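For reference, the chains in residue letters:
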Amino acid sequence: MKQITITIDNQKINATEGANLLQVAKDHDIAIPHLCYHKKLSPTGACRLCIVKIEGQRGMVASCAVHVSDGMKVTAFDEELEEARKYLLDYLLSEHNEEYDGTYHDEFRELIYKYGLNNKENRRFPSIWKELGYPADETSPVLAYDAAKCIRCFRCIKGCDEVQGKNVLSFTNRGILSYIIGGFDKWGESECDGCGECIQLCPTGAIVEKPHRESINIENGIKKVRSTCPYCGVGCQLELWVQDGKVVRSNGVEGVSPNDGRLCVKGRFGYDYVSHPDRLTTPLIKKDGKFAEASWDEALDLVARKFGEIKEKYGRKSLAGYASAKTTNEDNYLFMKLVRLVFGNNNVDYCTRLCHASTVTAMLRSLGDGAGSNSIEDYETSDCMLVTGNNMIETHPVTATFVKYAAQRHDAKIIIIDPKWTPLVKDAHIWLQPRLGSDVALLNGMIRVIVKEDLIDREFIEKRVEDGMEAYEALKALVEKYTPEYTEEITGVPAELMQEAARIYAKAERPLIATGMGYSQQVTGTHNVFCLINMMLITGQIGREGAGLNPPRGQNNVQGVSDVGASPFTYPGYISVEDEENRRKVAKVWGVDPDELDGEKGLSTVEIMQAAYDGGIRGMYIMGENPMLTDPNLNHTEEAIKKLEFLVVQDIFHTETTPYADVILPATAFAESEGTYVNSDRRVLRVRKAVDPPGESRQDWEIVAEIARRMGKPLGNYRHESDIWDEIAKTAPIFAGISYDRLEQHGIQWPCPDKGHPGTATLFEERFNTPNGLGKLHPVDYAEQSERASEEYPLILNTGRILYQYHSSTMSRRNKALTDFANDAYVLVHPTDASKFGIADRQKVKIISRRGEIENISVNVSEEVLPGELFMPFHYSEAPVNRLTRDELDPYSKIAPFKLSAVRIEA
Amino acid sequence: MSIKEIIKQFEPEQHNLLHILHALQDANPANYITGEALEETARHLGITKSSVYGVARYYTMFSLEPRGKYIIRVCASPVCELLRANEIIALLEEELKVKTGETTADGMFTLELSECLGQCQEAPSMMINDKVYNSLDRGRIREVLKSYRG
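Protein chains in written order, with my numbering: chain B, 1 to 907; chain U, 1 to 150.
If you're looking for bench data, these hints aren't it; they were derived computationally from the structure.
Mixed in with the good hints, there may be bad ones.
Straight-line Cα separation of at most 27 Å, DSSO-like style, residue types lysine-lysine; simulated pairs [said to hold, decoys possible]: (1) U:K4 / B:K426; (2) U:K97 / B:K186; (3) B:K426 / U:K97; (4) B:K130 / U:K4.
Which residues of chain B face chain U? A partial, calculated answer using Cβ under 8 Å [stated by the list, open to error]: (5) R174; (6) V425; (7) H429; (8) Q433; (9) R544; (10) E545.
In silico negatives: residues of chain U with every beta carbon more than 12 Å from chain B [what the hints assert, rightly or not]: (11) L38; (12) T48; (13) Y58; (14) Q119; (15) N134.
Computed from a predicted model, the values in this text were never measured in an experiment.
Positions of the beta carbon are idealized from the N, C-alpha and C atoms, including for glycine.
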């Protein structure tokens, strides 16, 4: 890009040729007034306030519509321009209801004051807005629109379309009477999903948030605290507004990765749970089957004594802990340290085992790192996105905005592999709909197409794959039998579609794979991802910006918890627990004898439950997890939990799990915590305390440290979360160069080996992280599922998530804004099956599997699923779908097959 | 033809939106596009509801409210106005016993105004559905209305 020089009001300015003149001026603190322009949007040129004079051009031109060129001489301010601006503002004002309720930032009002038009004597136009009869729309659960406050700048329409890729908004009528609409002039009945991009972009308060509208007064002292969203793993940067000790608003932070101001409905409206009256506020001890309030001393002493007794009586392997993907790295690091150092074993795991464990396992074995290889923003410039088992519009809505942008704005091709329809299908070039559990066959079929049509990258295979062409030949031999016909027979996917998808992926310049729960939560989860990696390696589609494999993580810190070593298999930084040298190194940092650290792998999430059932595990410490809703085969989990001699649950609310606890410890929510999360593109992001925790609740790490201290093994002397982080950086080489002072303005992507290192946007550019630096092919064959449809259980049940709820919905269901959108469980049934089994839409049914049954589930007859398949969200405790799922595990990663259970439906 | 059948005659391409809206309105004896028709159109084209609604409300030729069998559009542009279109409008309101924008009780006529019909040489003018009537005066209007009333 050519660098040029222009002058604005005699000031010499360096700029990139073709850049937007208004933006160039803004970047140099030349505050040309404007209302319709926003740097995230294409210029509109509607408000005309950004007019300037350019030497050699006639009259006044809107600077937002000018591309700068070398030598351009611009006048931004003179008397004539200012007079014209004042005239324009005055004109707009005449059609405008200027009442201001102090609940939003009003850019228009600021200009009115700046140009003295607040004084009515300075106006030349009469106020006519009342006569125009502008409508208002209050039908949305989360926002209100008032046409009398709207200046038709179209930021909202463009934000919805260009930024969020939704295009829900439009305008109606003409001229002075035109106004913004959602749906058929009823926002609440439109496709609007409540992300609030339009609210954040509105410069006049025509679109405002409903929640806390009565109480917010921004002229009366609002504290603004920057933090990281507590929901999915995108890691959106939030600006929390705090008034009277309560979070009252959440805005996206503009100009910062990964979200650049964007949020989804959960990030923007999902914070009310923090101040919900149901919060746990004091420790609780179960006495005679009932919970009684207790002091911290009482509770912590009891916990320390009981864990100590169990360890004494049954040995050091008899205790286990579930860490938490919801809490910070610092919390989890100390939790992991407690299990290894105080419990004395490696029985620490968390929900990742139920989530992307198979993806991570396959990636670790093939590529040497289990994290996403690219940056989230790479989706925006990708030319092909292979989206496998990943309903990203609902599960990672902000990542999906980048994906949609690529498809809608520069024709990138989205290929979806999913047995169930997802909203991204609307933007997809190809949707392959394989039968549940047939993915290995489908991918082997695609690999065979690539082999047969010689679409491989020979050079890449020779240079970067272990055993080069020899390994390739083995893969080639294995896929030989997956002819298009055979593949179609197994998967049900039309051969031509499968072939076209393979060709597009192999030939793309910048293809990204985004793989989700649909691929990972299967007995063959690891095999599914091995196949993806095989295809990626033989086509050389990894190791450069815009090409690679990315598993979007489901929870805010699911990435970080593994990174900091809350795993039965690895220490901080993914170093094996069996690595003696590393144990010595860590023991030295911790100031303990290396022999105190167990060198044998611990038990994983579901294995811990199975051991509890068998009597191997007697005591358990659960931090911020809810296995009684989210573990597979819940009836079995319940029996296992009941067998525990002592269970401690640390959480912010009562959950489906807390009734089984002996002690409940109240912890802090995200807005009450200091620390860091790591998001899906390995970005370490700061979490900051915005409000005080309720009652006596304490931050998780403080509770963990207290238990350790009372068990006679203090974890360390930490004055602040940054002290814990510094210790993490010493034990995990991937974090070595990261410290809190570097995270003030923006996150840093690991690996970051030293203080001077900027972080790593793209993994595997030179080498893979395997011992020999080479990627490894793992040819795997399709195997039929052990659980299949039968006469007794003729349907296959798939489970998953929806946009408005989150995980076990402990948090999400305590936000009116979210429950107003969705609060009811359902099962999707294909019309064919509905008529076959005599079931009507909205009818209540019972669903039965070999493991259990659930009843009173509302039927939603829908073509979103294939005939023979059902789908249910797992969020709702009154419809605990995991009573039906299996705990037969993927042998490599120990993940459970949430996506496939044989069931029958009874009316 | 049902609404769905009408819509299915068109390929699901966004550029067919106006054609579909015309076809839907023309097929409706009450001369308007129903909510259900808008909904089905959005579904067929795979676009959002507001994209359909915005277009339907932008063009005055489309109505989202029931109208008469015949739509009378009186030209209200300058030339006609100079030649006393306002008297023509008043006369029509009197004859039809409606105000501009309303539909007669028997559902026969809806009276509307229009931008220039391009008939300035023989102003004032009006259209009834697709037919243009020029050089209007009291007698001519009565005659025309009679021909429709039959």
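Right, here's what the structure says about each hint:
Between K4 (chain U) and K426 (chain B) the alpha-carbon distance is near 20 Å, which keeps this suggested pair within the 27 Å criterion. Only pairs whose Cα atoms come within 27 Å are accepted, and K97 (chain U) paired with K186 (chain B) is rejected, the gap being roughly 33 Å. Between K426 (chain B) and K97 (chain U) the alpha-carbon distance is near 50 Å, which puts this suggested pair outside the 27 Å criterion. Between K130 (chain B) and K4 (chain U), the direct Cα distance comes to roughly 41 Å. Violation of the 27 Å bound is thereby established for this hinted pair.
The interface hint given for R174 (chain B) is met, as the beta carbon of that residue sits about 6 Å from the closest beta carbon of chain U, less than 8 Å. At a threshold of 8 Å, the smallest CB-CB gap from V425 (chain B) to chain U is about 10 Å, leaving the interface hint violated. Interface restraint check for H429 (chain B): the shortest CB-CB distance to chain U comes to about 14 Å, outside 8 Å, so the restraint is violated. Violation of the interface hint for Q433 (chain B) is found here, the shortest Cβ-Cβ separation to chain U being roughly 18 Å, above the 8 Å cut-off.
A distance limit of 8 Å between C-beta atoms decides the matter here; for R544 (chain B) the minimum to chain U is near 34 Å, and the interface restraint is violated. Of the supplied interface hints, the one on E545 (chain B) is violated, with its beta-carbon coming no nearer than about 32 Å to a beta-carbon of chain U, more than 8 Å. For L38 (chain U), the shortest C-beta to C-beta distance to chain B comes to about 6 Å, within the 12 Å cut-off, and the non-interface label is violated. The claim that T48 (chain U) lies off the interface is violated: its Cβ sits roughly 5 Å from the closest Cβ of chain B, which falls inside the 12 Å cut-off.
Non-interface call for Y58 (chain U) relative to chain B: violated, since the shortest CB-CB distance, roughly 6 Å, does not exceed 12 Å. No beta-carbon of chain B is positioned within 12 Å of the beta-carbon of Q119 (chain U); the least distance is around 23 Å. Annotated as non-interface, N134 (chain U) keeps its C-beta farther than 12 Å from every C-beta of chain B; the closest such distance is 27 Å.
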